[in-house]
Amino acid sequence: MKRTTALLTAIMLCACPAVSAGMTAHAAAQEDDIVILYTNDVHCGITDHIGYDGLALYKKEMEAAHAHVLLADAGDAIQGGTIGTMTNGAALVELMDAVGYDVCVPGNHEFDYSIPELMARADELDCGYTCCNLFVRGKDTPVFTPYRLFDLGDTTIAFVGVTTPETFSASTPVYFQNDAGEYIYSFSEDGTALYDVIQTNVDAVREQGADTVILLGHLGEHDVTDAWSAPSIVANTTGIDAVIDGHSHEVTPSMVVQDKEGQDVVITQTGTKLANIGKMTIAKDGAITTELVDTVPAPGPDSGIPDEAWHTDAARGRNVDTAMNERILALEAQMQEQLGQKVGETAFPLCDTDPATGMRRVRNGETDLGDLIADSFRAACGTDVGFINGGGLRAAIPAGDITYSSLMTVMPYNNTVHAARVTGQQLLDLLEFSSAAYPGESGAFLHVSGMTYAIDPAIPSSVTTNEFGEFTGVTGDYRVKDVKIGDAPLDLTKTYTVASINYLLCDGGDGFILSGHCEMLDSAPQIDCEVVAAYLQNTLGGIVPESYRDPYGQGRIQILTAAEEPAPAQTSPAPAAGAQHQEASSPATGDAGITAILLSAMASLASFAVSRKR
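The sequence shown begins at 1 in the working numbering and counts up by one.
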């Protein structure tokens, strides 16, 4: 079948490929076309932009117009907001089942609740997860179903699932290890293994009669590891007709890349949080066209959709499926009852973006939000230093009342805050790792308290890592300069007390620089949102002071120009290799404040976490 590529953009949910006997004349005229609706990186955005209720309506509209409709998700759906944190993603899976997904690939953030929790979500998800490249080391069978085939009339469509090996470092590294710190899972990251396993599965579905092969990938096109990007995978394989992609949050209506044999392959991605619905149309002759839909139209009079089944949500200005909208509103009401408690107020926004450009800033620049969070960690633990990685800050706090819900939107991972003792050398290495991508973005970028430092972008980063993204050293000059703890220069041989989250201190996050290599000092850490709430109420008196008003922060991070020559960071030789290695303690959860709120909220949402076997 001839492979033709065109423009693609629109997203929509569908679980039932069959069409009713009352199919409209419009549908009958297009019954030979196959429509694939797709989403990616929803990140708990159940009411953002189009929303799941808008997606549900668009699915019904497509089913009314086409005989064969499928719905696919390219990962990172169940994490990224309060609703995900409160239910370990179970409420999101319940909503996805209600809309009706046919095939889903796990993104890196599907692993954030731990692998046992992901396996529970996989059982609850009616279609399960599809992924060809996740293995338990030493075993030949993948953890999830590697591909799915759909017989639609006289055409067979195959989806091969793939998840980026960046997941090792982009989720929580210790989840993929045994108690001895050995990686017991593989994402086929070694050499050409990823290309090889994808090719094996593409060949397998072709042998089983697939007319069209779609790679459903959580990979990304830009600003990701190049060898594992969607364009690189296409260039090193054959037999793929199209790639429905995710991970990099790009709005990609259609990117055409040639495969290993010179055949054109279309790559598409919808952005994030349901800003668009992806719509791929496969004609009877195999031609593939794509489009992105950013607005769900009102159903036409001949659609067969009853008036009472949909309405226009006046508050959000969009057309929605009534039943799904009511389900979502009920869920939001339950959450707000638990999380609407006020913990403070601010006369100005606490920013995660650059107000001058609107671009995200927390991953490559200081912000007032990052300063406040880092200060709260240091105050709670009474340490020399506090810090938080930019990847852990997922939203801004608008001016007005600050609630627990506000804080959980900023920090949705349910991390715990710990105190530890580390060396000056470890702090320097952590800062160097965090600034390696500057001026580009990195989730490892550190916001600090009790510390200042400078970055010299003229010095190229020489940070080295292994295949798991773990820090292995710095081969050249450090681009981080003039590090001070308080007013004193950093001493590489001295030990300092630090406060941060379990992801960085215990669970291997951002290079494994501190996890397992520092002395843990606490036995009863608190949830991060509770720490910030306590700082707002007890230290700041419930009102964010003017000292945090500048969206660019308080000058704790300096970006050097050629004319600036700061003092060197080192004040004494680096310690010998092997110094200060101690097993990190397991994170615990406090039993007060937001912990009680979370437990109560989870109990009230139990109906949204019904477990169903596939």
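Source of the hints: derived by calculation from the structure; they are not laboratory data.
Glycine included, every Cβ here is placed at the ideal spot set by N, Cα and C.
A hint or two may mislead.
What the hints assert, rightly or not - Straight-line alpha carbon distances no greater than 20 Å define the calculated DMTMM-like cross-link-like pairs of lysine to aspartate or glutamate that follow: (1) K484 x D384; (2) K284 x D264; (3) K260 x E337; (4) K284 x D384; (5) K494 x D313; (6) K342 x E326; (7) K260 x D179; (8) K342 x D401; (9) K284 x D482; (10) K139 x D190.
To be verified - Restraint ranges, calculated between C-beta atoms of paired labels, are given here: (11) Q258 x E467: 48 to 58 Å; (12) D32 x T472: 39 to 49 Å; (13) T465 x G542: 35 to 45 Å; (14) A330 x T472: 44 to 54 Å.
Against the structure, the hints:
1. K484 x D384: Since the Cα atoms of K484 and D384 sit roughly 11 Å apart, the hinted pair holds (cutoff 20 Å).
2. K284 x D264: Holds. K284 to D264 sits at ~19 Å (cutoff 20 Å).
3. K260 x E337: The given pair, whose Cα atoms are some 55 Å apart, is violated under the 20 Å limit.
4. K284 x D384: Violated, at about 67 Å.
5. K494 x D313: violated (60 Å)
6. K342 x E326: Violated, at about 26 Å.
7. K260 x D179: Not satisfied, since the Cα-Cα distance of roughly 41 Å exceeds 20 Å.
8. K342 x D401: Answer holds: K342 to D401 is near 6 Å, not above 20 Å.
9. K284 x D482: Answer violated: K284 to D482 is near 65 Å, above 20 Å.
10. K139 x D190: holds (15 Å)
11. Q258 x E467: 48 to 58 Å: Violated: the Cβ-Cβ distance is about 27 Å, outside 48 to 58 Å.
12. D32 x T472: 39 to 49 Å: violated (55 Å)
13. T465 x G542: 35 to 45 Å: holds (43 Å)
14. A330 x T472: 44 to 54 Å: holds (50 Å)
The earlier numbered hints that this structure contradicts are 3, 4, 5, 6, 7, 9, 11, 12.
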